[in-house]
Structure formats: structure tokens, C-alpha cells
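Chain residues, written in single-letter form:
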Amino acid sequence: MLFEVAELSVEYTVLDEVRRAVNSVSLGVASGEVVGVVGESGSGKSTLALATLGLTRRNARITAGSVRLGDRQLVGGQLPDSELRQIRGRRIGLITQNARGSLNPTVRVGKQIATVFATHTGARPRAARDAAIDALRLVGINDPERRFDAYPHELSGGMAQRAVIAMATVCRPDVVIADEATSRLDVTIQAQILDDLQRTVQEVGSSLLLITQDLGVIANYADRLYVMNAGEVVETAPTAELFGSPGHPASVSLLESQLDPAEQEFRLRGLPVDTRALPAGCWLQARCPFVDSEADCTTVHPPLADVEPGHQVRCHRASVVASRAAELAR
Amino acid sequence: MSAGQAAPVLRVRNLSKQFTIRGSHKVVHACDDVSLEIRSGQTLGLIGESGSGKTTVGRCVLRLIDTTSGSVELDSVDIAALSDRELRELRQRMQIVFQEPAESFNPVLSVGNQIDLSLRASGLNAAERRRRVRELLERVGVPGAAAALRPGALPAGVLQKCSIARALASEPRLLVLDEPTSALAPEAEADVLGLLNQLQRDDGLAYLFISHDLSLVQSFCDLVAVMYLGQIVELGPKEQVYRSPRHPYTQALLAAVLRPDPRQRAERAAGGGELKGEIPSPIDLPTGCYLASRCKYATDRCRAERQELLQLGAGTVVRCWRAAELPAADGRPPSQ
Amino acid sequence: MTTIEPVQPGLDVAEPPAPATEVILGYPSLWRHVVHSFRRELLPKVGLLIVVAVVFLAIFGPILAPFNTRAATNLVNAPPSAAHWFGTDGSGIDVFSRVIAAPRIDVTIALLATALALVIGSAIGLFATFYGGRAGSLAIRGTDTLQAFPALIFAIIVVVLTGHGIDVIILVIAILNMPLYARLMRSEVVRIRERSFIEAARASGMTDFAIAWRQVLPNAIAPIAAQMSVTIGWSIIATAGLSFLGAGVLPPTPEWGSMISAGSSGIMLGQWWPSVFPGIAMALTVFGFAIIGDTIQSALGREG
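In the order they appear, the protein sequences are chains A, B and C. Each residue of the first sequence is one higher than the one before, starting from 1 at the first, in my numbering. Each residue of the second sequence is one higher than the one before, starting from 331 at the first, in my numbering. Each residue of the third sequence is one higher than the one before, starting from 667 at the first, in my numbering.
Please keep in mind that the hints were generated in silico from the structure rather than gathered at the bench. Some clues are possibly wrong.
[Unchecked claim] According to the in silico footprint, chain B covers these stretches of chain C (three or more CB under 8 Å from chain B):
#	segment
1	772 to 779
2	831 to 843
[Stated by the list, open to error] Chain C side only, calculated, beta carbon under 8 Å to chain B, not exhaustive:
#	residue
3	743
4	870
5	880
6	881
7	889
Glycine included, every Cβ here is placed at the ideal spot set by N, Cα and C.
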């Protein structure tokens with residue numbers, strides 16, 4: 001595994017109340033892979049994404065676990081901040097939902113990309129400019145020499161997002177993390193941009209971690225995925241396998257949300273789990289339609305267990321869930 | 331659903347709205363010649379990408395902004411002709427639900443208080459209003475105790491239901507739903523849509539459902555209108571529009587939707603059907619068909635002549651003179 | 667029917683919540699941050715203590731004073747002793763009694779002036795900005811002009827010309843502070859009026875006035891509340907300053923500024939107590955109000 005997260009936990013504190021946003025999450029991305037992380041809002045996906053870069057919000061902290069990129073321990077090791085900063089942007093690129101938020105409105109777009117390149121590689125202005133123009137071209141921006149001089153507000157939403165992708169990939173990072181990178185974009189642009197992102201990532205030789213709620217995106221671009229709920233990984237499998245035979249109630253619930261409301265049988269009930277007070281046993285017990293105290297659901301916190309090679313599920317009743325879910329697969 | 335022979339709840343005729351950019355003579359054509367009708371118990375989905383004008387149509391219908399030309403009739407009453415007081419009364423009959431529930435509520439007042447404010451015009455006394463607030467919340471499936479909470483204390487899905495409760499307070503005939511579930515997670519979305527369906531069945535409400543989510547509109551709406559750069563390019567019953575879209579833009583739009591189906595990956599790799607290029611600026615609109623610069627079927631006539639809506643069989647109109655002769659798209663509906 | 671229970675910290679985590687209960691995630695409102703700051707840190711508590719003490723003295727000070735605060739005696743300029751804790755001043759009056767009687771004037775002026783400035787300034791800011799139009803811009807320009815006046819000089823001139831009444835002092839201080847509140851309110855209204863819930867309110871048929879009063883105002887209060895304390899502190903200093911210059915409250919009315927002024931000549935002779943004690947009292951009071959204002963401000967600036 002090129003990029004490996006091991007048992008990472010993140011907590012944050014609001015007014016003396018501690019919320020466990022990420023709980024002992026382990027995931028890995030191999031070189032050249034596209035991996036998806038999917039889950040309802042509040043499942044901890046975005047907190048996870050930031051934490052892997054050692055970035056956390058003001059009132060949050062990483063309480064356990066480690067993150068490794070290649071041979072470097074980013075989190076959980078003794079890496080000094082200065083080195084971590086060098087790795088960010090150079091070896092890991094981050095793309096967030098709000099493209100314009102990542103761009104300085106007062107600096108020309110091309111210059112921003114060139115600056116990132118120069119900072120990390122020490123290249124001279126001319127070389128940095130060339131690299132930036134190449135990056136713009138690669139992400140599908142026509143006439144990149146002219147667009148180099150554009151200010152962010154002069155670009156449409158789709159273009160701005162492409163510029164951000166260019167910025168994240170210009171240093172040819174090992175891993176690109178895209179956190180809801182296309183959710184606010186129009187349908188036709190979304191598909192185009194994801195195609196451009198995928199192509200860019202392949203050209204540059206990076207791996208891609210796609211974090212999203214959109215199952216359509218996952219189905220079309222991810223090789224493998226992790227499903228998160230209440231801050232932990234509840235299922236992981238190759239994409240086709242998970243869509244075909246989901247094993248965890250949370251996955252089934254997500255897939256079912258795409259259907260006509262009248263046909264939904266296995267939706268998780270109620271509201272997202274309150275991470276201030278997690279119960280003993282399975283954390284989803286209050287919401288799960290498959291809960292069964294005979295099966296340890298209320299007493300033992302289920303571990304991630306293999307149901308097939310490469311397919312793991314965190315559920316005591318995984319086999320029951322799988323067979324019922326097979327009925328609803330079309 | 332039950333579409334009676336009575337007058338439509340909402341009738342929009344040739345609605346146009348232009349904005350002048352401050353400090354210049356440039357004009358933005360937000361909507362152009364938009365006409366539609368919605369009957370009691372019906373849902374019309376208005377789909378389009380950003381800049382299509384769909385949000386502007388919603389605002390014009392509610393007269394939150396004034397139209398440049400054209401008319402909007404609610405239960406056959408022309409809303410442009412009303413005085414401020416009459417308008418406030420008429421506003422009772424049409425309400426809006428916004429995309430971001432947290433934004434559409436005042437953050438410092440409790441939810442119950444805000445629904446109460448919507449009831450002030452109804453003439454009930456304080457105790458009756460309190461009871462009605464609880465009734466409304468119950469109706470949308472929100473526990474009455476939520477009334478005392480601030481918007482920030484409620485999850486988005488619950489808050490959006492409160493938004494619907496507030497809209498129902500005045501017993502409206504029409505609900506404008508502006509991307510009501512785009513900001514919600516899939517499960518909350520399913521919840522809210524189920525509620526909206528139920529309410530429509532029970533009360534015969536008419537819905538104007540504005541959305542960019544094509545699969546959603548397909549499952550939820552009866553009629554569909556597709557907008558591009560302020561114009562309606564196709565309008566018809568949803569089965570028609572989704573199964574055999576006739577306008578090239580509609581075809582491309584439907585083909586671009588990413589379905590939660592891993593098999594689509596291979597299909598898309600096989601290619602075809604995308605629209606090239608970017609959407610033209612709404613300030614500098616071309617003379618002829620707005621899509622001509624991106625459409626693979628474009629001819630000189632398309633570029634030269636302004637396109638009008640043409641009738642194309644059972645209740646469908648299309649703004650493309652070539653629609654009848656072009657091949658119908660594969661017709662693979664997005665949510666299958 | 668399902669019920670709601672906000673989850674309390676310390677809930678026994680071994681007990682799984684019953685399936686029929688819906689748990690709502692509670693995110694604290696803005697004011698809870700404020701209360702929390704007060705509970706949490708020491709400094710705000712100190713400030714609160716000072717303010718409470720001063721307000722207490724404003725009400726009960728003159729009653730509690732051990733000696734008459736206006737009657738001259740023969741025991742002139744006596745240094746602090748067991749009988750006279752703060753000594754006596756140039757007229758033989760007990761300094762301690764005057765120091766604790768003074769808040770009634772200083773604090774009253776400060777509170778009333780602030781209240782006036784706040785109410786009028788905010789009202790102008792709110793309605794002028796929300797309704798806009800010609801009248802609105804005019805009102806705002808008016809307050810801007812007022813702000814251009816040099817404060818203290820203006821105050822001195824008015825007070826001296828119209829007689830040293832307390833009501834005049836209150837009015838003058840209020841007028842000087844009013845533009846600030848108008849501005850604060852204005853910037854809040856500008857921020858708020860674009861938001862969706864205002865549009866929703868309009869769509870639901872609320873009148874403009876109702877929207878301004880019930881929807882906009884509650885959202886705009888925060889920075890105003892934070893500013894209040896600062897204005898109170900400023901008013902105390904202003905009153906004291908005016909009195910010090912002889913343009914405010916006249917002796918023998920006990921007031922910190924005039925006490926400092928009256929005692930200032932004696933400092934050269936080594937008689938520090940008639941000036942220093944009221945000086946310390948004043949400094950402490952302003953400090954107390956300032957801390958409170960600062961606490962509120964930083965608590966409201968912090969987003970959970």
C-alpha cells in the first residue's frame with residue numbers, strides 16, 4: 001500500500017463535550033488506484049480527509065493512529081511540522097468542494113499554481129510557469145496560456161474547479177484526495193471534470209482518494225470503496241461487489257436511498273448516531289432494521305470481518321443482511 | 331395524479347426577466363418566453379444547469395422579483411396586478427421551500443417561533459397558533475418538542491421538514507420547491523420526498539419542483555420542463571421526456587448523469603453523447619438557437635433563426651425545428 | 667409518539683437508548699458560549715464581580731456611607747486612619763463615603779447615556795438600512811456627520827452653555843455615542859438582509875417592519891451587546907473627564923472626576939488620598955466593564 005491510514009481517531013470538543021468524529025479508521029490506497037470513501041453527512045469522511053494530512057480544525061485533535069505515505073510517517077511519527085508542510089502539496093494534493101475557497105481571489109490563477117510548484121520544487125519562475133500551463137492543459141482547460149492570467153472570479157464554476165485540480169496535481173503528487181470535489185457542479189460539467197481528474201491522475205501517476213456522498217460518482221470512478229458511519233469504517237469492498245452484494249445495513253441503506261421512497265425497506269431509522277455518547281455493542285443498534293440482541297448487537301462492538309477476499313463487513317448479522325439485500329438488487 | 335378540468339393552479343405565460351448589469355448597458359436574459367401550467371395535485375419539474383434560469387422562474391412566480399414581461403396567474407389571479415396588501419394575502423396561497431434549510435431559518439429564533447410568525451396573518455390567537463404549530467410539526471413527522479429548539483440544534487433533514495411545516499402554515503395551493511433536497515444526505519432526502527408525496531396526495535397541492543438532479547426529478551415529477559439559458563427547450567410528461575428526449579440538449583443532459591451502477595463505467599468508456607464546450611454567457615446570447623455552438627446537429631438555419639417551441643405529439647413541446655427528424659436518443663432513463 | 671431527548675454528557679453509555687427515542691444532536695447557541703466563558707475563566711468572573719459591586723453601590727452607596735458626604739467638618743486633609751479609611755479631603759469630608767456614594771452619579775449617567783445611545787442609534791441603523799431609500803441614506807449621513815464632531819470639546823461647550831445638569835450630561839454622552847451604534851447595526855443589517863430566511867419571511871407575507879423587528883434585529887444584537895460594556899466604561903471616563911475640567915458635575919455632589927480634580931492640587935503637598943482613591947475606584951470600574959465587553963465579544967466571535 002502506498003498510502004496507509006492505521007487506526008486513526010480524531011476527537012473534537014465543543015463546550016466541554018467530546019465528539020468522536022473518526023474512530024480507529026484504517027484504509028489503504030495502492031499506487032495507481034482510485035479508492036472511494038462514502039457515507040452520510042456526519043459520518044466523519046471529511047474530518048478523516050483532513051486528518052490524514054495532519055490538518056485538523058481548531059478544536060479537534062488526533063488522538064490515536066498513524067498515517068503513512070510511502071516510507072514517511074505523516075501522523076503518529078516524529079515528523080517535524082516543516083517536513084509535513086513540504087509533503088502537503090508536493091506528495092499529497094487536496095481538492096475540496098469549494099473551488100473558489102481554495103483560490104486567492106486577488107492573485108491570478110496561473111500564478112497561484114506556479115507558486116505552488118516553485119515552492120515545492122525550487123524551480124525558477126519560467127519553469128514554474130511552464131509547469132502551471134501544462135497542468136492547466138492537462139485538466140482540460142482550453143487556451144491555457146491565456147487562462148494563466150485569469151483571476152478566479154473570471155472563471156466559471158467548472159473552470160475554477162479545474163484550476164484547483166491543476167494546483168493539486170502540478171507537483172505530480174503520489175496521492176490526490178478529492179473531498180466532494182464535484183458536488184456543487186452541474187451534471188454535464190461534473191462528468192467532464194471527473195473524467196478530466198481521472199485522466200490527469202493517471203497521466204501523473206497518482207492514486208486518487210474520492211470522498212463523496214454521491215453513489216453515481218463512486219460507481220463510475222472508484223475501483224474499491226469504504227463505507228463509513230459514525231466515524232468508523234463499516235464495510236469495504238471492490239466497487240462492483242459492494243453494489244452487487246452489500247453486506248452492511250448502512251451500505252444497504254445508502255443504496256436504497258436511490259429508490260422510490262415507497263420501495264425502501266431497509267433504511268436506517270432515525271438520526272445519525274450521536275458521537276458524544278456511543279453505546280456498548282454496535283453503534284448503530286438504535287437505527288438498524290436488522291438489530292438482534294441474540295446476535296450480540298447490543299453487547300459486542302462488531303469487528304471488521306472478511307465475508308469474501310477483499311470484502312469486509314462490520315456486522316454481526318452480515319450474512320442475513322447480504323441475503324436480504326440480494327433480494328433488492330436489480 | 332388527479333388533474334381535474336378546473337383551471338390550473340399556476341399558469342405562467344411568456345414570462346421573461348432581464349437584469350441590467352449595474353454600471354453598464356449589458357443585459358442578462360435570465361428567463362425568456364417561459365410558459366407552463368401546473369394543476370392541482372401535479373408536480374412539474376424544472377430542470378437545468380446553473381444559469382438556466384430555473385431559480386429565476388421560481389422567484390418570479392412568487393413575485394419575489396418582478397417580471398420584465400409575461401404573466402403569472404395563481405388560481406386565475408394575475409399576481410402582477412395586485413397591491414401590496416392584496417399580494418400579501420395572495421402569498422398565503424403559494425409558498426417556497428429553499429435548498430438550504432439552515433439558511434432559510436433565522437438562526438436566533440426557535441423553529442416554533444418562526445412557524446408562529448407565519449401564522450400571524452391567519453387571525454388565530456396565541457394559544458390557537460401554538461396548537462397549530464404542533465399540529466403542523468406532527469403532520470410533517472417532527473416531534474413537537476423540536477419547536478422549542480433553534481435551527482442550529484436540528485439536523486438538516488428534520489429542519490427541512492420544519493421548513494415544509496412552515497410553508498404549510500398558510501394552507502397554500504402551490505409550493506415552489508427550490509432544490510429542496512440537494513443539501514441533504516440520501517436518507518434525509520428520501521424522507522423529505524416521501525413527506526412531500528404524502529402531502530400532495532392528501533391536500534392536492536401543486537408543486538413547482540426546481541432541481542438539477544435528473545434522477546430525482548424523474549422519480550418525483552409528473553411533468554418535466556428542461557431549461558437552457560433561460561428558455562424552455564423541452565416540456566412534456568416525464569415518461570416522454572425521459573424515455574425519448576427529443577431536444578439535443580435534453581439528450582445530452584440525460585446521457586451525462588452518473589448512475590449508481592458500476593456497469594455505466596463501461597458504457598461511458600464506449601463514448602458518445604456529450605456536449606462539447608462551455609455554456610455561452612447569458613449576456614451575449616447568439617441570434618439563433620442557443621445550443622447551436624455545442625450541438626452536433628446544428629445547421630446554418632439553427633444559427634440564424636430564433637427557435638420557437640413546437641408541438642411534438644402528446645403534450646410535448648420542443649424548441650428545435652429538427653426534433654421531428656432527428657433520431658430519438660437511446661432513452662435509457664437515469665435511474666435505471 | 668416519539669419523544670426527543672437531547673443527549674447529556676455523562677449519559678450512562680452502557681445503556682443503549684430505547685429505539686422509540688429520537689436523539690437530537692444539540693449544538694449550543696451563541697449565548698451559551700458567552701455563559702460558558704463566564705463560567706470557565708477567572709477574569710470574566712472578576713469583571714462581573716466588579717460590575718455587580720459597582721451597581722450595588724450605585725443603589726445603596728449613599729445609604730451605606732458612614733459619614734455625611736456633603737457636610738464640611740474641621741478634620742481637614744486627614745490621612746487614612748481607622749476612623750476614616752480613605753482619609754478626609756480638603757473640606758474635611760470622609761473620602762471613603764464619597765467614593766462609595768459617587769457611583770450613583772457616575773453609573774447612572776453611564777447606564778442611561780448608553781441605553782439612550784444604543785436604542786436611538788440602533789433604531790436609526792436598523793430602519794434606515796433595512797428600508798433604504800432617500801430617507802435612509804440621509805439618516806445615515808446624519809449620524810456620520812455627528813461622528814465627525816470632536817467629542818470632548820463638543821461636550822464641554824454644550825454643558826457649560828446649558829448649565830451643569832445631569833440630564834444634559836447624559837444627553838451629550840448619548841449623542842456622542844449614538845453614531846457608533848448606528849454603524850454597528852448598519853453593518854449587521856447589510857449582512858443579514860441578503861440571507862434566505864429574510865426572503866422566506868417576505869414570501870410568507872410578513873410586512874417589512876415585522877421582518878426588521880422580528881427577524882433582523884435578533885440576529886444583529888450580538889456585536890451591540892458586546893459594545894455596550896465598552897460604552898459604559900467610556901461614559902464613566904467621559905463624565906469624570908468633564909467634571910475634572912469643571913464642565914461636568916459640580917461639587918459638592920460626590921463624583922469621582924470632580925473628586926480627582928479637587929484633590930489634585932493637594933498631591934504636591936503629599937496629600938494623595940483625596941485623588942488616588944477615587945482614581946482607583948474609577949479605573950477598577952471601567953476595567954470591570956471592559957472585561958465583560960471583551961468576554962462577550964470573544965465568546966461571540968468564536969464559532970463552535
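Can you verify the interface hint for residue 881 of chain C: is its Cβ closer than 8 Å to any Cβ in chain B? holds (5 Å)
Cut-off 8 Å, C-beta pairs, minimum 3 residues; does the coverage of the segment 772 to 779 of chain C by chain B stand? With 0 residues in contact (Cβ-Cβ under 8 Å with chain B), the coverage given for the segment 772 to 779 of chain C is violated.
Can the hint on residue 870 of chain C be confirmed by a CB-to-CB distance to chain B that is less than 8 Å? holds (4 Å)
Quick check: the segment 831 to 843 of chain C, covered by chain B? Criterion 3+ residues, Cβ under 8 Å. Result for this restraint: violated, n = 0.
Status of the hint placing residue 743 of chain C at chain B (closest C-beta pair under 8 Å): violated (56 Å)
Using Cβ atoms only, decide whether residue 889 of chain C comes closer than 8 Å to chain B, and label the hint accordingly. Since the shortest Cβ distance to chain B is 13 Å, the answer is violated.
Can residue 880 of chain C be said to touch chain B, with a Cβ gap under 8 Å? holds (6 Å)
Checked against the numbered hints listed earlier, the structure breaks hints 1, 2, 3, 7; every other hint is satisfied.
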